[in-house]
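Participant: Sequences are here, hints too, so could you generate the full structure?
2 protein chains.
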Amino acid sequence: MKTLEYVLVYFGILILLNQTNENILANDLIYKSQVKKKIENCQKIHSCKYFLRFVDIYDEMPTIYIITPTYLRETQMADLTRLRNTLLLVPKIVWIIVEDSLEKSDKISSFAMESNLNIVHLAEKTLKLEKPSKYSAHKGVEQRNRGIYWIKEKQPQNAIVYFADDDNSYSLKLFEDIRSVKKIGVWPVALVGGLKYEAPICNNDKVVDWFYAYNQRRYVPTDMASFAINVQLLYQFDDSYFERFTKSDLEGSFLKRLNIKVADFEPKAEVCSKIHVWHTRTMLVKIRKGEIVERKI
Amino acid sequence: MKTLEYVLVYFGILILLNQTNENILANDLIYKSQVKKKIENCQKIHSCKYFLRFVDIYDEMPTIYIITPTYLRETQMADLTRLRNTLLLVPKIVWIIVEDSLEKSDKISSFAMESNLNIVHLAEKTLKLEKPSKYSAHKGVEQRNRGIYWIKEKQPQNAIVYFADDDNSYSLKLFEDIRSVKKIGVWPVALVGGLKYEAPICNNDKVVDWFYAYNQRRYVPTDMASFAINVQLLYQFDDSYFERFTKSDLEGSFLKRLNIKVADFEPKAEVCSKIHVWHTRTMLVKIRKGEIVERKI
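Each protein sequence line maps, in turn, to chains A and X. 1424 is the number of the first residue of the first sequence in the working numbering; add one for each residue after it. 1424 is the number of the first residue of the second sequence in the working numbering; add one for each residue after it.
Heads up, some of the hints might be wrong.
Copies of the same chain are indistinguishable here, so a pair counts whether it falls within one copy or spans any two.
Only pairs whose alpha carbons sit at most 25 Å apart, straight line, appear in this in silico SDA-like list of lysine to any residue [said to hold, decoys possible]:
1. K1697 x L1540
2. K1596 x S1528
3. K1697 x L1707
4. K1619 x R1704
5. K1577 x R1667
6. K1697 x V1708
7. K1709 x N1638
8. K1596 x V1517
9. K1670 x Q1580
10. K1596 x L1540
I should point out that these hints are in silico values taken from the structure, not numbers from a laboratory. All of these numbers come straight from a predicted model, not from anything done at the bench.
Facilitator: Written out as structure tokens, the structure reads:
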């Protein structure tokens, strides 16, 4: 009798265990097939595929701080929307948008709110200053400096800083290059300085020269869009800000303040042989004056 | 002895089963935590978050066929790159790029190859035809028609067609609107026809009028960027192509061929109250002639 009891209990427990086992296996299979389906569908969506490569290295990646000066005009939302679309494809960024105004506008506030991006929205009005003779006045200076000031206050550590105007055109590869910057990365910029492109000239993976036409007296003949810097450079120098008036050398005078030497340049964009950024300008439109036509159709 | 044997076998099997059980549970936990970590990191990447909403409905979504005429110019790659970035954020599309040339260029071929997008690359040279008097000649007509012809050949079924110029600016919301089109969707377009925007005027969710200024004689005063159609319309009408010469009514004459009536218009963009597309133009740049300066820096 005892034996029979043992046998019964034994089979009873066996059946129970087996069921639990099967349940776990079944749940596991359902779960895995759901995840598989999700991943398959995700793979079908182009950008998901693009992003999967960043998922495993996300925590180690430096953050890119992108400073964008902007000002009110008919084409502003068009340009910002295009730039937002591009930046939505760049993981781990902080987008610092600085309006040229006394206060933050409702329009840009809503834009930032609905963006699903990590946006810092600031405002800094361009000062009315008299230009010294023989100097040129630069646009976006107070706004970029406001962005730099914000960064200096927050003191992020593992970060790269890039100054991105709102009407330029950026390839995604540019941001992969920026991500790999140690001290200062440089690369060609298309449609700038009256040329098809301005570009660092390299020899054995080092920058030895620069291809450009405009103003030979510049400290470095580089466009705003052609470099990105390690955030630590901003902390090392108290005057790491742009100057409103320079001798046509906005970028060079800034890099001089950061004590950048030619030897510091890290050439990107396949040793400066590719174009990943274009200095485009969006045409300002003429809006018709007078009466507007409305008719039934 | 028999009892002892049973008991031993019983505990033996119990231990074995338990281990299997624990292994399954342990594997399951590791697997789940890995997936969780992946999803967490994916969530941190803005666009992944954006895309997760499409994953479950992917199979039922109609495909959007986007026809983009393009032509060689200094700003071409900049414009196409920006548009590519936008389209990378739109799931389930086929991007039909039609070059204005006899043969497909290497440049656009490489661009298409490296895009991670479902691109159909075609070429169709604009014919040199004499314009009849009182008519206006339109750009991009042969290229859009080549795209339409390709679609008519392939006969995709659950699909919407949109004509997207390469230099316009598109918000992602536009494509969500396009996805929901049944017959023909319409919406405002900014910076067009000499106005801040042209737009359908709605009453009780129906289009009753149009806000515009340019050419009152148009069949429908709508811009190319302001509508998308169900692909079935292309199959229903043999002459569902654009006309090279019209009385300044490229879009209207096309919609007339599709027998579109005002009652067919499905107003999008929150009953045509929002701007999701801008008719931007990229400034053509002047490239400096003559000697190029190169100097050691």
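Participant: Would you mind marking each hint as holding or not holding in the structure?
Facilitator: Hint-by-hint comparison with the structure:
no.: 1; hint: K1697 x L1540; in the structure: between (28 Å within a copy, 21 Å between copies)
no.: 2; hint: K1596 x S1528; in the structure: between (32 Å within a copy, 22 Å between copies)
no.: 3; hint: K1697 x L1707; in the structure: between (29 Å within a copy, 21 Å between copies)
no.: 4; hint: K1619 x R1704; in the structure: both (14 Å within a copy, 19 Å between copies)
no.: 5; hint: K1577 x R1667; in the structure: within (24 Å within a copy, 58 Å between copies)
no.: 6; hint: K1697 x V1708; in the structure: between (32 Å within a copy, 19 Å between copies)
no.: 7; hint: K1709 x N1638; in the structure: between (32 Å within a copy, 17 Å between copies)
no.: 8; hint: K1596 x V1517; in the structure: both (18 Å within a copy, 22 Å between copies)
no.: 9; hint: K1670 x Q1580; in the structure: neither (33 Å within a copy, 62 Å between copies)
no.: 10; hint: K1596 x L1540; in the structure: both (19 Å within a copy, 15 Å between copies)
Hint compliance for this structure: hint 9 is the single one not met.
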